[in-house]
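S.K.: For reference, the chains in residue letters:
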Amino acid sequence: MKRLLGIINNKGKEQLLVSSGSFVGLIDSSQSKDFKAYLWQKGLNKTGQVQDELFNFRLGPSSGALLESVIFNIFTYGERMKEVYIDNTYKSRSIEQKMRAKCPFEALKLSEQICASFAFSHSCAFSRAIEEAFNINISDNVKIMRLVLLEVERIFNHIYVISRLSGAAAQKVLTNHLIYLFDEILSLNKTFFGSRFLKNINTIGSIKYIPKAQMEIFSKKLESIVNEFSKLYEFSLKSHNYLDRLYNTGILTMDDFEMFNFDGPALKAINISLDTRVYEDFFDNFKSVIEEDGDALSRMIVRAKEVFQSMRLIKQLIEKLKEDVPNSNIVIEDDQKEKNSIAFAESPSGTIYYYIELIGNKIDYVYIAAPSMFLIKAIEKSLEGQIFTDFAFTVDSFGAFFADAAK
Amino acid sequence: MLAFGLAILFFCMGMAVYFNKTLSYIFGFLGALCVVILGFESYHAGFSYQIDIYNIFKLGIGTDKLSSFFLIVAYICFSAIAVYSIDFGKLFSKTMAFLINLIMLSMLFIFCAKDAITFLIAFEIANICLFFSILERVNSHNQAYRFLAFSEGSSVLLMIAFAIVFSATGSFLFQAGQNNFLFALFAFLGFIIKMDIVPTHVWIAQTYSKAPSNIAAILSVPLTLVGTYGIFRILSLEKSYTLAILAIILGSLSAFWGALQSARETQLKTLPAYSTVENNGMILASLGVSMLAQYSQLTVLSEFSYLTTLFLIISHSFSKTTMFLSIGHAKETLGKETIDDVRGILKNVSKSAGFGILISGLSFSAVPPLVGFVSEWMLLESLFQSYKFSDATFKLIITFTGILIALAIGLSSFGIKKLIGFSSLGEFSSKIKKIPDFSIKLAENTMSALVVISGIFSFVILIYLGYGNLLNGLLGVFKPALIVSSKPVFGVLSPFMFAVVFVFLLIVVLLLKFSNKDTKTTMPWVGGLALKDNELYNTRGYSFIVEYVLRGIYRTKEKKTYVESYDISNSIYDFLERLFKKLSSTISKIIMNGHLYYYVTYIVAIFIIALFVFKFN
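Listed in order, the protein sequences are those of chains A and B. Residues 1 to 407 in our numbering are what the first sequence spells out, letter by letter. Residues 408 to 1024 in our numbering are what the second sequence spells out, letter by letter.
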């Protein structure tokens, strides 16, 4: 299954960044007609044009109901949302622009600033792209540690998203319990890695050294939290009131995937997985979690099951760790050559892709395909035809971050 | 009689000087004023004049209490419409001035007629004049013909009714129709068409909307008063339980249906049009209750219900005239058709138009102490006394009527609040076309004041109408400021005392407001950005909840960018229209098919039929 990840427009030449199976690369823009997502990525979709009896019920950019500065332009004639257009430009920090002319180590810090929730995923994808461009060999231990921390990030993110979702569906007790667990993991992160959101741990070609014994303790502590989550999750599935709100809400289909090319749990909830972890070397027989209904409930179930799956993966990976200290003296020489590379990392809400062009040891052009870019379009689509009551838990079921999309 | 003569003279002069529109309307106003004086004069001592035509049949004109009451109410509204038209009429041709004077003249004869010939001639003239008046607006042929079709339907039923009386008694006088059920039934049906009672109301939505606003006001008030007047006359001539019950059932259904449709409407003049259906329904139901109570020997209830009907007429006439005149003012100034497009009338168009819509709307929403509140309270009080009927069927009918009327009042209030909330009080400014409006404002303000005054001083109206026995003093309210709905006391109301308390509280609020200098006014927080035009909550949003909940009745269909809902009673007429079109198309294909021998056969057949008809007659 192919996805249009972005339109690369550097030096007057338009190319398409696409993925198809194990292929990720650039193709000529003449093939744009093969991708329905080309229209919205190019900005050719007419959105936000009020017609007939619709009026714009604007939520945002600064409102008590929102965590981030964003505008939901909800075109409605009262109870039902007929067209939704999300304006996330308020979160734009032009990070791709700011990375230009910077050395990779400086740009790595910027990639971690895109979105706190996906800080490690961004850092990992960026480092991989630079390492590929400069043919930097990294040790297995670094690779394993990166995979461990990606799974840690997935666990705390999924718990956070489920807590938001249950909060939106008025399950306040569950929400508070989950928020507590979420904060417990962040505290663990701070204790073991020095950063609640796993920043400043990863670097190009290396990673902060944590002894295997420490990682085993971490794993045990994390597992007790995940067990606690498991109890809460099982308990929540007994609440018909909660499930009724999520069931059949914000349904997405294959047609929607073809139109918007989203991935992550939103895609897994419609029985398809494009999880790039299948290409990782250190996972034994990785199998994606999938569900069938495509609704908010399915997305929640995928996330919950992924929490348990990630915990299992972490334990397997830690067993494979060896007691060697990673090389922290990585130097990138200015060879004045032009090069480019593409790399990715599987964030909690989908794959993050980095396309980077370099001249010598300076970045010339960066394009970041963040999962939230696609999820925002999926949110817009899933809200169409829903009543206002369903708004909060439809939006929160996607785990999209507007900062991630705006970059 | 002097006032009667002067009125005719002024109306004729108004027609004669039609080329000078201002003068023509001034004469029209003077004529209407004379009729009001005539009404007041003859309420206690009417006149009667009768002539014999070649000793074949008798014609007569005259006034009694009933016709005087209708003359007063109808011509107070006509006076306002004539004054309003001095400036408003400048937007239309000279013919309109002629037609309005002729309508006022013919309606004078309708209310004063004592025989069928005078009545029908005046009735037809009024109908035809209104038809041409609707045509004053371009591209309104369809709406004008719809009006004419229903008017002629009414005329045909009335002609049949009078023919029944003539064949039975040889007289065209109304009095000859006494105790003739068949006459009463046809006349009843003819008059309810004029009252826009469901399901004969289907023409109003389009026609009221298209007609110039002064004509819409005539269609809504004086014209429907003709129908109401006719029903009063019929039910006084034929004491029939059947007709009384029919009036109650049709009236309550009509009130409910009109209110239901007004709840979903978003068009500026269609909403008040449906409100007319609702109000006339309440009038009909109330009159039916009064008659039923009278036949059941419940004298006090009958009297109170009759008074209720009179108050409903006053309330509807004054409030609806105010509303149409004010809406017309805003519509012409802004050049818009929907409620959403005329936001901010009070702020941007004119204070008088804004207050006109506000006061009349509040009156329709039964806000005390306005006349609408008084009349609707009286109606509910009448219906709540259904337990007094000994007949279980009557009790049941009136109880269900009470339920429908209560729902109608709620729905109507919902619809009217939409109209006043968005149009008069809304916040929006669009392009304004300046029109001369001195006389327009004068008419609006006068009518608005009447809506307030007739509510607060309703006890004075009661005394004038001869119902002083329904006034009392109780619980600190001085006599005769308290209206009682029954004896012994069942329910009481004092709009006057309410007004006193309201004014006192208003003064307190104003004093507090002006004494507190530190009061800060802040704009509501809208996410940190200014609101755009397309972000204003609209009337469809307001109505959608009702349209969705009652989607079975409205046949609501949600489209991508709009909502489709409609008055399903239209489907009856749509079906008939399609049927007749198909029938005429089939016949024309068979007969007018281009073959000569078909035409020859057709002519010969007609010739033979004509021969037989004439031969056997």
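It is possible that some hints are incorrect.
Claimed, not checked - Facing chain A, according to a computed beta carbon distance under 8 Å, are these residues of chain B, among others: (1) T806; (2) A937; (3) N941; (4) E942; (5) L943; (6) Y944; (7) G948; (8) Y955; (9) G959; (10) I960; (11) E965; (12) K967; (13) N977; (14) K996; (15) I997; (16) F1021.
Simulated from the structure, these hints should not be mistaken for lab results. All values derive from a computational prediction rather than experimental measurement. All C-beta atoms, glycine included, are put in the ideal place defined by N, C-alpha and C.
S.K.: What hint numbers does the structure not satisfy?
M.R.: 1, 2, 9, 10, 13, 14, 15, 16
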